[in-house]
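As they're listed, the protein sequences go chains C and L.
Here my numbering is used: the first residue of the first sequence is 28, the next is one more, and so on.
Here my numbering is used: the first residue of the second sequence is 494, the next is one more, and so on.
Among these hints, one or two may not hold up.
[As the list claims (entries may be wrong)] Computed footprint of chain L on chain C, listed as stretches where at least three residues anywhere in the stretch have a Cβ under 8 Å from a Cβ of chain L:
1) 111 to 125
2) 137 to 146
[To be verified] Pairs of lysine-lysine, DSS-like flavour, derived with a Cα cap of 30 Å:
3) K41/C - K101/C
4) K41/C - K577/L
5) K499/L - K101/C
6) K499/L - K189/C
7) K499/L - K577/L
8) K189/C - K577/L
9) K561/L - K499/L
10) K577/L - K561/L
No wet-lab data here; the hints were simulated from the structure.
From the three backbone atoms N, C-alpha and C, an ideal C-beta is built for every residue, glycine too.
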Amino acid sequence: MAIPSTINDREFQKFKEATSLADQVGVIVLAANGGSLAPYWDRSPTPIIQNSDLTAIAPHGLANRSSYTVPTGKRTMIDAVTAGLEQEAAASAAGFARSSVVFQESGDIRYLVQAVTYDVAIGTRDHWHLSQCGLMLAGEVIRIRTIDGKTGGAMAYHACFKLLEFTP
Amino acid sequence: MLIHCKVLGTGGPDDPLRVPLPTYEMVTEPIQGGWVTVRVPDADYNPLQENPRPGDQEDTPQGLVIVKAQAIALTRVLDHLDDKYQEHRGQFTIHLP
């Protein structure tokens, strides 16, 4: 049966007669069957874009360049993520360099997208993009990370994520 | 809002250079043991720029206003973050220079 958004005592008696659950549960949720619930993008949405555009960056350890955490009582849709990097000045020794967007829940890190190079030559590059990556729950974290384990040289990095935070 | 934060971490695989805040963007290069400027959402950090004491605010030629944050304002911000991000309560810190 359709559940109205507001209900008076008489309607509630009709509702109780139509279901056996009303006497068994402590909370009755009205209008939660999807009929009157707006889509997530219409529920107090807050667009969030975080970007990391870096040039002439020397080799460095792992760095969390950017971070977003889903607030308590909210959810966040990951609309798009992108990561790229390019060798701007030749390195003297090869090594591992990465630009990435990572997802973290309860301590574990998972890579959503990553661009990687080992080569030292100018112009070496990698770039990846992903869209509609799914839903984040309260407390979950998305981050932009970079690392360059080469010796000498310099790199350019680009990474970005576009999110939509909303009320569940 | 931009705030000046101490960098945590060594840059190792399990200990990235980072700022212990829920949401931020680094706008300067992080250095192990050093300081970094990060962009944070104004609404969460407003107490840091409210009611500066005489001499604790400086206007710059670029139009930016630099405010020395007070410890009591910092406490208010961290309490707010603990409330807004209850799944990470107690994990956030800001070290004042």
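Against the structure, the hints:
Only when three residues or more bring their CB closer than 8 Å to a CB of chain L does the claim for the region 111 to 125 of chain C stand; here the count is 0, and the claim is violated. Given as covered by chain L, the region 137 to 146 of chain C fails the check, having 0 residues with a CB less than 8 Å from a CB of that chain where 3 are the minimum. Restraint check for K41/C and K101/C: not satisfied, since their Cα atoms lie roughly 34 Å apart, outside the 30 Å limit. Between the alpha carbons of K41/C and K577/L the distance comes to roughly 40 Å, so the proposed pair goes past 30 Å and is violated.
For a cut-off of 30 Å, the pair hint linking K499/L to K101/C stands: about 29 Å separates their Cα positions. With a CA separation close to 27 Å, the supplied pair K499/L and K189/C stays within the 30 Å bound. Proposed proximity of K499/L and K577/L is supported: the alpha carbons are some 22 Å apart, at most 30 Å. Our distance criterion of 30 Å between C-alpha atoms is met by K189/C and K577/L, whose separation comes to about 21 Å.
Restraint check: the Cα-Cα separation between K561/L and K499/L comes to about 15 Å, which is no more than 30 Å; the hinted pair holds. Restraint check for K577/L and K561/L: satisfied, since their Cα atoms lie roughly 24 Å apart, inside the 30 Å limit.
Hint violations for this structure: numbers 1, 2, 3, 4, all remaining hints satisfied.
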